[in-house]
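**Student:** Next come the chains, spelled out residue by residue.
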Amino acid sequence: MLDKTANPLQRRLLESERLMEETGCYDGITELRLRRQDPLKFETLHTKLRAYCVSAREMARRISASPGVREVGEMVVAIYTPEGDAIALSNGIMVHVHTMSRFIKWMIRNGYEQNPCIRDGDIFANNDAFIGTVQVPDVMDVVPIFHEGTLVGWAGAVCHELEAGGITPGGDVCLAQERFTEGLFVCAEKIGENDEIRRDYVIRCERNLRMPIYWVLDEKAKVAACIDMRESVKQLIDEVGLEYWQRLSKEFIEEGRRAQLARTRQLTVPGVYRGHTFYGHVTEGKPGFQPLADPNWLYNIPIEMEITSEGKIRLDFDGTQPWGYHSMNCTPAGMDGGMFVTLTQHMNFEGLVNDGAWMATEINIPHGTWTNPDNEMAATATSWALLLPAYGVFQRLLSRGFIARGFVEEAFVGQVNSPMIEMGGTSQYGTGFGMAHFECAAAGSGALAIKDGLDTAYVGWNPESDMGNIEIWEQNMPMVYIGRSIVPNSGGAGKYRGGCAFISTWLINKTDHLRLVTSEHSSRVFDNGGLCGGYPAPTCEKHHAVRNSDIHERAERREPLAHAPGTDPLLSDFERTYKGEQVWEEGPYITRPHKAGDIFSHAYNGGGGFGDVLERDPIKTARDVENGFLTREAAEKVFGIILKEDAEGCPQADIDATVARRAELRKKRLKQAVPVSEWIAREKRRVEASDFAPEVAKMYRSAMKLSPRFSREFKEFWGLASDFAIAGEN
Amino acid sequence: MTEYSKEVINDLVNGALPWPQTRRIMSAYKDDDRFFKYLAVLQDRVAWSDPILLPVGDRLFICDSAEGRLTRCECGYSFGDYRRNWKLKAVINVRDTEESLREIYPNSDIPDPKWMEIREFFCPECAHLHEVEAAAPGYPIVHDFEPDLEGFYRDWLGKPLKDLS
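Order-wise, the sequence lines are chains A and B. All residue numbers for the first sequence refer to the working numbering, where the first residue is 1 and numbers rise by one. All residue numbers for the second sequence refer to the working numbering, where the first residue is 1 and numbers rise by one.
Wrong hints could be hidden among the right ones.
[What the hints assert, rightly or not] Here are some of the chain B residues that sit facing chain A, going by a computed Cβ distance under 7 Å:
hint	residue
1	D50
2	P51
3	L54
4	G57
5	T97
6	M116
7	F145
8	D155
9	G158
[To be verified] Heads up, simulated PhoX-like pairs for lysine-lysine below, C-alpha to C-alpha not over 25 Å straight-line:
hint	chain 1	residue 1	chain 2	residue 2
10	B	K87	A	K668
11	A	K671	A	K644
12	B	K6	A	K668
13	B	K6	A	K684
14	A	K667	B	K114
15	A	K667	B	K6
16	B	K37	A	K671
17	A	K637	A	K684
18	A	K451	B	K89
19	B	K6	A	K542
20	A	K715	B	K6
21	A	K667	B	K87
These aren't lab readings, by the way, just hints derived from the structure by calculation. Owing to the predicted nature of the structure, the values given are computational and were not obtained by experimental measurement. Where is the CB? At the ideal position from N, CA and C, for every residue including glycine.
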């Protein structure tokens, strides 16, 4: 057994936590003395640290071979205290700033000071979400920073790897149902010494990944970034002195904590906020899934947020579903990461955010649920599937606070899942390959409270959304684009509509074996929501593909091609145009391999809407129809906007007809609607009879079993006896 | 201290402020006097005179009235005591068939109505659509927001509300 008294860093970590507990301030820093003494110097040094991070990340992106890192920026770097708390960070996938913090603390708590030892020049790596990351492709590297023999901090970097060596190709290993099929794990491992990555580690990567060039060069990029930051920090300490640095770094974090509390008090209203979302997981009939549990699952994700009078944000996931034999589970590190990245976007966008912001929050993730599995063999490779909808709810809850307080320009209906494509097999060059396609980084955003959402320009996990260049993606996969277009109506309807998403269509090219897999794709339910009367975005779109298509013959005959499935959900333009085997697939796309001549399309998601649809500006709507963001049918049926054509045949709002149509629709609303009390009385009979689809009934039974509060509130709402139970067995 | 005129706040709230100006407001330090200017803008918008204490939706407000603190629609309809879920006094339309879902999603794939329904909560007076819930059948109606109204005015704004007792 390790002698814990011989671990000074571990003692320091425990001491830091004790001081926080006792004083309520980070590491017992009750006064920002350095800031008071010389605020200009304080701010200058903070900005300097931030600049070290931004500069190191940009340098590293140019070392990487991965289009995910080079093009899309799937990377973040940060500087930490010796105890593993983030002081400063770069832009990029900021979700990992706090997950890396957990990784460092995990090593400290687990006696790494004695074995394998923490020395100058060491490199440690991790992609185990139960230690500290979100999912298997998020591989992080940290190096200790020593100054004249004293550990003064850590430099860390994360890249999202495009290939993780799992049961299905790519990084988000959709088919993984347990840890053992997720891919190559590096569990808080010392992978290098003296600033050099070990050869045997590289060999392991080369022999266990479908496309090791991405992972291995990303390792070099991350190590270079860490060394760059390390040397900058050492130089800074030479300038300001060790004692000053040690106090300064802690004051930065305490300042971050106080800033977050103050920002909450400035922008929101104290109280209790509630919301929910759902996710449909359907695998029935899909090849490859082991029969470890029921194939189909409906997830409810209720969230209660309390804003205390101090300004602390408390999130509570009580009432959600148990973890399962699928890849969408999340660990506490991932849940923290989701909170952190959301806060950085909504309340700490000035660039000086650090772990202090996270310390001003609390989160209840019930043990045994997907948010905190009680079995560390659970797979987490596609945890974003549930994380994104969950933190989309958090964004809506915060936004209600912004609206109440008057900061309407900050209110935002929230992020959506933007399903990813993973692929592997034989490349167009005849070699083995594996890759994740990251154009999904440009989904539609939720609407704002004062304008439409961003079209094809937002995802929750990377605030610098970038879809990359088509030409670069085409170099890396055996498919060529034959279409990429806006998906009309993909933003939720409302006074302000959600941002629209896009759809890509590819011709599989120069391969006889291409495995295509998608993930983070909800089935049968929308996994987002609207706000203040806005509707959810349609986020359960099906995949369309054509096997053995006649596209080459059509092209030779110079006949028109279909470049997208079109706007008829019951008969696609592919079916109208191409001969071949037509494929419709709901949820994750897992099928037999494709080959040259097949056509595959994949739609991303738009965001939810804001406000009553009947208040939408008719002129703006006419422009939307002209530009393909809305269909004429939706404009009339959903928004009540009548369009005519101008002299050039462009849609033009008919204001008088619109006013009349909307008056009719308002009358229709009141005619159709019933008092809520009446609906509750009717619906109660259905609940009493447990008259639900099997998956819905199972969802209720699971939630009630795990959460006495959910059970109590459910029965109270419907006026049911305390011993009521939903019929059936889980 | 950052400060904007009531006219600017009015345009901002109504989505009528030019984007470059809106963008500057988003990037700037926040204006600490926003809340009461915001209330004044909203008060001008409603036809009734009960003072608005807190907006809780796009056209939904907690106001002070002779009957106590109520949740009111912009049209004046009262949803009752602000501490109760206003939705229980609304009228509801539930889209739980493919046909009714298709009305809102004419060109997209729709949820399976056995798994999810769309609930629309309207004002019984003016038919304004105040909130939409997308939920599994049987899911309790959510009470979206229970503000700590007293604490907000007392501790955060430094202007305690008058004691109702």
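**Student:** It remains to establish, for every hint, whether it holds in the given structure.
**Tutor:** A quick look at each hint next to the structure:
1. D50: 17 Å, violated
2. P51: At about 15 Å, which exceeds the 7 Å cut-off, the nearest Cβ of chain A leaves the hint on P51 of chain B violated.
3. L54: Since chain A brings a Cβ to about 6 Å from L54 of chain B, closer than 7 Å, the hint holds.
4. G57: Holds, about 5 Å.
5. T97: This interface hint is violated because 12 Å lies over the 7 Å limit.
6. M116: Interface hint status for M116 of chain B: holds (4 Å vs cutoff 7 Å).
7. F145: 5 Å, holds
8. D155: At about 5 Å, which falls below the 7 Å cut-off, the nearest Cβ of chain A leaves the hint on D155 of chain B intact, so it holds.
9. G158: 12 Å, violated
10. B:K87 <-> A:K668: 19 Å, holds
11. A:K671 <-> A:K644: 28 Å, violated
12. B:K6 <-> A:K668: 37 Å, violated
13. B:K6 <-> A:K684: 48 Å, violated
14. A:K667 <-> B:K114: With a Cα-Cα distance of about 28 Å, the restraint between K667 of chain A and K114 of chain B is violated, given a limit of 25 Å.
15. A:K667 <-> B:K6: 35 Å, violated
16. B:K37 <-> A:K671: 38 Å, violated
17. A:K637 <-> A:K684: 31 Å, violated
18. A:K451 <-> B:K89: Violated. K451 of chain A to K89 of chain B sits at ~29 Å, over the 25 Å cutoff.
19. B:K6 <-> A:K542: 48 Å, violated
20. A:K715 <-> B:K6: 47 Å, violated
21. A:K667 <-> B:K87: 20 Å, holds
Violated hints for the displayed structure, listed by number in ascending order: 1, 2, 5, 9, 11, 12, 13, 14, 15, 16, 17, 18, 19, 20.
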